[in-house]
Amino acid sequence: MSKFAKITFFLPDTKRGLELPFISAGIKAGFPSPAADFDETRVSIDQIVVKHKEATFYAKASGTSMIGAGIDDGDILVIDRSLEARNGKIAVCFVDGEFTVKRIKVEQDCVYLLPENPKFEPIKVTEENELIVWGIVTHVVKSL
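For the sequence shown, position 54 matches number 54 in the numbering used here, and the numbering has no gaps at all.
Accuracy of the hints is not assured; some may be wrong.
[Stated by the list, open to error] DEER-style ranges, computed between Cβ atoms:
no., residue 1, residue 2, range
1, Arg42, Thr64, 32 to 40 Å
2, Pro118, Ser82, 31 to 39 Å
3, Arg42, Lys124, 42 to 50 Å
4, Lys60, Asp109, 28 to 36 Å
5, Asn117, Ala85, 16 to 24 Å
6, Ile48, Glu130, 30 to 38 Å
7, Lys119, Ile48, 26 to 34 Å
What the hints contain is simulated information worked out from the structure, not anything from laboratory work.
Glycine is no exception: its CB is placed at the ideal position from the N, C-alpha and C atoms.
Turn these sequences into a full structure, and let the hints steer you where they fit.
Okay, structure coming up:
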C-alpha cells in the first residue's frame with residue numbers, strides 16, 4: 001500500500017455560485033438570539049473561501065493521516081496555489097510522482113511532510129526526492 005492517499009481535484013464554479021441567506025452577526029453557541037437578528041445578507045460559500053480565483057482548486061481528501069488537523073476522509077479541501085509554502089502550513093504536495101496532504105516542516109538539510117495522526121510516519125524529503133508544493137490548504141469543508 002502506498003504511503004500517499006489518492007486526491008481528486010475539482011475547479012470551483014465561481015460563475016454560478018449559489019447565494020444563500022447569511023447571518024452576518026453570527027450565531028451564539030450559548031443562549032438563543034432573537035429571530036430579529038436575522039438579516040437578509042446573501043453569500044455564496046465561494047465568496048468566503050476563494051481569494052484567488054485563478055489559483056484555487058478543490059480536492060477531496062482520502063485517508064486519515066491529517067485527522068489531527070481537522071481533515072477527515074472525504075472532506076473537501078480548498079487549495080490556493082498562489083500562496084507561498086512556509087514552515088507550519090498544510091500543503092498539497094507532489095512527492096516522487098504521488099500527491100499527499102501534509103504539514104510542512106523545514107529543516108536545514110531537508111523538508112519533512114508531517115502527518116497529523118500518530119499512526120503515520122513523517123515523510124523526509126531530501127535532494128534525492130522530487131518535491132513540488134502544489135498548493136496551500138486554506139479551508140476544509142466537511143459534513144457533520
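Problem - Which numbered hints fail - result: none
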